[in-house]
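From just these sequences and the hints, can you work out the full model?
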Amino acid sequence: MKKLFYYTAFCLAVIAGNSCSKIDNYPAPSDTINGSTIDEGTGATVQTEIGGGGTRVKLLETSYSANPTPEYFQSMQDGTFNDDKIFAATYKVSVEGPFVPLVTTDNTGTVTADSSQTIKLTSKATLNFKVQPFLRVEWVGKPVFNADSTVTVQVKITRGTSNPNYQLDITDINLYVSNTQYDGNNNYDPRYSKLVSYSGSTGTALLGQTITITTMGGAMPAQDVYFRVGARINAGLDEYNYNAPMSAKYP
Amino acid sequence: MKKYNYILLTLFVCLTACRKLDIPPKNIIQDPDVFSTPAGIQAYMARLYSELPMEDFRYSPQRGLNFFWIISPTPATTGEALSRDQTGSMQENLGGWNNDLWSGSYTTIRDCDYFIQTLPAYASNFSTAQVNAWLGEAYFVRGMTYFALVKRIGGVPIVNKTLNYTVGTSTDELKIPRSSEQAVWDQVASDFDFAIANLPAANTDQADGSRANKYVAAAFESRAMLYAGTIAKYNTTTLFDGQKNQLCGIPASAANGYFLKAYTAAKMLDGVYSLYLKSWSATDKTAQYQNFVNLFSDASSSESIFVREYQYPNSVHGYDAYNVPRQLIGPNGYSSEVNPTLDFVEMFDGIPKNSNGTIQNLDASGHYALFTNTMDLFANAEPRLRATVILPGDAFKGENIEIRRGIYTGPSAGGISPLLPAGSRSQYPLTNLVVSATSTQTAYTLPGGTLMNPAGLSGIFTGDQTCAISGFSVRKWLNPNLATSQVLENNETQTWIEMRYAEVLLNRAEAAFELNSAGQSGATNYTQDAFTIINEIRSRAGATLLTSAGAMTIDTVRIERRKELAFENKTYWDLKRWRTFSKEQNGTIYRILMPFYSAQAGKYFFDARTDERNDVYTYDPRWYYEQIPQGAISKSPNLVQNPGY
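Keeping their order, the protein sequence lines are chains A and B. If you're matching positions, the first sequence starts at 1 in our numbering and goes up one per residue. If you're matching positions, the second sequence starts at 252 in our numbering and goes up one per residue.
Each hint should be verified, as a subset may be incorrect.
Said to hold, decoys possible - 30 Å max Cα-Cα, derived DSSO-like pairs, lysine-lysine:
hint	chain 1	residue 1	chain 2	residue 2
1	B	Lys-604	B	Lys-536
2	B	Lys-834	A	Lys-92
3	B	Lys-886	A	Lys-120
4	A	Lys-58	B	Lys-518
5	A	Lys-58	A	Lys-124
6	A	Lys-85	B	Lys-886
7	B	Lys-834	B	Lys-484
8	A	Lys-124	A	Lys-92
9	B	Lys-426	B	Lys-886
10	B	Lys-484	B	Lys-536
11	A	Lys-58	B	Lys-536
12	B	Lys-412	B	Lys-426
13	A	Lys-130	A	Lys-156
14	B	Lys-495	A	Lys-130
15	A	Lys-194	B	Lys-834
16	A	Lys-120	B	Lys-495
17	B	Lys-426	A	Lys-92
18	A	Lys-130	A	Lys-58
19	B	Lys-484	B	Lys-495
20	A	Lys-58	B	Lys-886
21	B	Lys-854	B	Lys-604
22	B	Lys-604	A	Lys-194
23	A	Lys-156	B	Lys-834
24	A	Lys-142	A	Lys-194
25	B	Lys-412	A	Lys-58
26	B	Lys-886	A	Lys-92
27	A	Lys-124	A	Lys-85
Unchecked claim - Residues from chain A that face chain B, not an exhaustive set, calculated with beta carbons under 8 Å:
hint	residue
28	Thr-69
29	Leu-195
30	Gly-218
31	Ala-219
32	Asp-238
If you're looking for bench data, these hints aren't it; they were derived computationally from the structure. Glycine residues also receive a C-beta, built at the ideal position from the N, C-alpha and C atoms.
Here it is in structure tokens:
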């Protein structure tokens, strides 16, 4: 009996000692794609929002399949992107966001334009996409605290594209207030942010003008806050174009 | 010799004994068992109908179809109501559903396909009429299932024959790509058309409205085709696959064809069903109210077209347990999950309103108007509103439902000014205000010496939200005869009316209005038809009638629909197909109406404001097309994902 026990123990020890000598793992993806989405007209990056609602980079791994399932990663708020966990392969890369799409189709599904970039990724690739944002939102001066501790900002909105398909009416111009710089349609303080929807061409009539917006809800709390203005047209996924968030020190 | 006999015997046994080993297993139900008798067919039908995707008492966008726990109720995603468990807009949480919509729907479609393929071989057991009717039902269920898929996802694979996989062979032919959205809507129409052609006027197996007949199929065809028409007209999201199939969106040119189909299908029910008017009286608002209440519980209603019945303990729901007002709370401890918003209530007639349509709670001098009872503000309210919403102070189950935000102890001489500036989203200032954090209250001594609890029995409690957080509680569907001890989860059995004639009329009116505005004309005057229908609905509701057909807009038709079908899980789909969800819920904070008692005046006043929780509703336009479950794409990479996911 005892002998049997020792035999069994010996066998188990041999098995345990030998079984895991080969770790059957591939190296983790370690290549990098970075770059930015750049406004063709101004050379500045196109501001967007974080979370699922803003600019994202689309990867089609064409070396794997002629018709691959797309992979996406999200751009940062300032319009730059960086993903350092990508496998080395051949990719067709494009960006999607609040600008004229890089891949356009007509109303029958025929691809009419495709400015995707195809890269053979080995270690690192930097890609800059020149795009035409639907709208450009620019600060005019800085946010100003009023006597009643509300804040007034001024912006100017212009079109970023002359593409006739995207000369649509402006539907929303919103002043977002947040206590972080990650300020946008998906993250704002509803007590103070001023959201205005426009119907017909009333919003469009403000193009090129200096637009003055004041926070709502009375006096702002005594803390540093960030302001940002977003505007959109009813195109694509109705995403917003923004200006860069700007903070204002409580007086 | 004997030896030979043994050999012969052995040979004989071997050659004869095993002749019949290849027999069907006795412990598995075979096609002949199911398809040879009406009872077998009924068992098959029971499965098909139980799988039928309907947004009934057991549905919520959060947890899906046929799930018991309804604490993020559908109306709290549409602006009809606020709920403590729903704090913003949402798309259907398809990936988190208990019943997977994708594989569940294709299981149902396969069940239908199998039935359609198999029944004809056994047709000799039955009369032709029976066979046709049952085939009609299978097509009806399949049409409903495609409808449930296409309204969520757009184009989906069309699988109209059972797929059989042989182990070891390629799975490529099982990976069926998505068809165009238009093709799927046409599939829905053709399935319903087959059902209409083959089903009898009354279902001979069950004529209580729980199984389909010709008119049930026609009613759902009107709903589906109206859906397709509005998508063609209002949708702006498009998606094509590599073969140029339009997976999302329908060419706008197809809109009128669908509207016409919706109109024609709705018209088939003319004279077969009618609006429920059993206890209605043209002159008595109380009778009109009671009539609208009874409509949802009268099993013999001439308005119910298609219903889902429940039976304890096999198939139950918990509508009352989740939704009774706080003071009638059941033993499970749930209550008041659906609290209608002021935005919703303001759609109705018979309440004093400002010129911009908001409720008039202030007098001419800008002070609060004062009332002896909270119901005085709603003295002339449209009966349908009372039958849909429990207004503060209204009677239910023999009690007055007491809804009060707090007691105002400040001066009342010369009028009480609003507690907050107009439009403010701040909390109420607590000077001069006595409130209660929970239902355990400390009574306040009024100037006369009487005691009064700061909050009503059904709220509003500032510390917990198990109360009428909007100032209203839902009335529709609640069973007034259910004893409080029986107000339990998984205990309610009132019938869900999935399709009633009022909806068919409203489908018809909307289709007619859309046809007319597209410059179409038919045998009937479309505008006049829509006008007559809206007034029929309004008359039954006790609402103010339209004066002229010319004054109607598409919003007249839509708002009527939202009032009539509120809390029936229909508005969610209407806002979706009109593509107005993202317009209505665009940084929106819904409004509420808070009743206060002024201790000094001895009267009530109302404050209209935005949701005190500051819950923001923003509907993302990409949600108009739901995300195809990632698991389905992994299994079948030919499926193209919808835009934005």
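### Contradicted hints - numbers only
Hints 2, 4, 10, 11, 25 and 31 contradicted; others consistent.
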